[in-house]
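Chemist: Residue numbers (the UniProt record's numbering): 1 to 377.
Source of the hints: derived by calculation from the structure; they are not laboratory data.
Please note that the accuracy of each hint is not assured.
[What the hints assert, rightly or not] Mimicking DSSO-like on lysine-lysine, the simulated pairs with C-alpha atoms at most 27 Å apart in a straight line are:
| # | residue 1 | residue 2 |
| --- | --- | --- |
| 1 | K240 | K319 |
| 2 | K235 | K319 |
| 3 | K48 | K319 |
| 4 | K240 | K263 |
| 5 | K263 | K319 |
| 6 | K263 | K235 |
[As the list claims (entries may be wrong)] Label-pair restraints from in silico Cβ distances:
| # | residue 1 | residue 2 | range |
| --- | --- | --- | --- |
| 7 | T313 | V173 | 16 to 22 Å |
| 8 | G366 | D323 | 36 to 42 Å |
| 9 | T245 | P357 | 21 to 27 Å |
| 10 | A341 | A191 | 45 to 51 Å |
| 11 | N272 | Q175 | 26 to 32 Å |
Just so it is clear, CB atoms sit at the ideal spot from N, CA and C, and this is done for glycine as well.
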Amino acid sequence: MKFSTVLVSSAILAASVSARPQKFTRRQTVASLAASQQSKATVTAACKADSDCQQGCCGFSTGLCAGPAVAQQADGGCGFGTKTPNCDVATLLGFTADCVSGFVNDDLTDPTIQAAAAFAAQLDNLPFTPSVTSAASTTAAAAASTSVAATDNSASSGSGADLQSSTTLDPSVIQNVDDGQNPPTAGQTAAVVSQNNFINFCAQTLPATPLTNGLQLTTGSCNPTPIGLIPSSDKMPSGKFQNPTNGATIPANQAFTITLAVKNIQLGDFTNAQQTYFANPQTLNADGIIVGHTHFVIEAMPSLNSTAVTDPTEFIFFKGVDDAQDADGNVSVNVTAGVPAGAYRLGTIVAASTHQPAIVPIAQHGLLDDVIYFTAA
1 MKFSTVLVSS AILAASVSAR PQKFTRRQTV ASLAASQQSK ATVTAACKAD SDCQQGCCGF
61 STGLCAGPAV AQQADGGCGF GTKTPNCDVA TLLGFTADCV SGFVNDDLTD PTIQAAAAFA
121 AQLDNLPFTP SVTSAASTTA AAAASTSVAA TDNSASSGSG ADLQSSTTLD PSVIQNVDDG
181 QNPPTAGQTA AVVSQNNFIN FCAQTLPATP LTNGLQLTTG SCNPTPIGLI PSSDKMPSGK
241 FQNPTNGATI PANQAFTITL AVKNIQLGDF TNAQQTYFAN PQTLNADGII VGHTHFVIEA
301 MPSLNSTAVT DPTEFIFFKG VDDAQDADGN VSVNVTAGVP AGAYRLGTIV AASTHQPAIV
361 PIAQHGLLDD VIYFTAA
């Protein structure tokens, strides 16, 4: 966040902490900002990126978090502009290391400077008492106090004591997501930015596109359920078929067993797919492992080396596996009727409890599912 002395007014303090909202996508109230950033590093804590810090930017010169008082000035949000923090306010709070040729008007008693310092101090739990009383400094103190109260009483915010039954978005869960194009990168599309986690996203297409509501609507729907808990990268699920093996030939029209070995997923959690489809967020167990199940699907192929694109609506066998893996990490399903003579593709679809594909924390990763090709003869 970038502050300049001419912009830190009571209106700005009460409504926004961004000097240039057209570039800084997060335009929240003081209370929302403080509540949602509480878990991040405070002023003077070590940082590598702006997102590491509760308020403001990661200091260019120090590698320390800079609160609103000492955030870089000039136009734009964190990461933009010049290396010129507001040294008037930084001086009042005792942080001068980041003041590299920063803006100074030499009047530390200026009510606007005092207000900015009070605002930053209370948001970042720093000791500071304004020496000049003004409407701006009073507003800053009141706003910061409100933000602290909102954070301390997050369990009772919204429309009730239980956040999980409240119909109001709690400030502590509002995300700070940029459009990904600061600076622009060739070949990338700017992401849409939301002030409220897209909580009303599905409203824009109603009634033409209905809510999913736990149903498998073949004509399409909009699902407002959040993604949920995402595991760490060392706990991403993986599976490998033990039987049949890739390239195997099995007897046609005879029963056979599909066996899959898995790791990093707690199988056996399988909700009613006709009434709870995509209805819950993904969850993790006490070990940080995705709770869910897997599916086995067999598709007929023209040949093992066919390059024809398949039709996902056509398959000869599908089974949602509601069993847990055994002590060896294996789960099995019997294909009692076997399959006719021909070439086949067998794959898995690993999912969370309410059947949505498993979500993992990084974009670059190996396959979570396994695919093999086999022949029945």
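Chemist: Broken hints, numbered, in rising order?
Modeler: Hint check: 3, 7, 8 fail, others pass.
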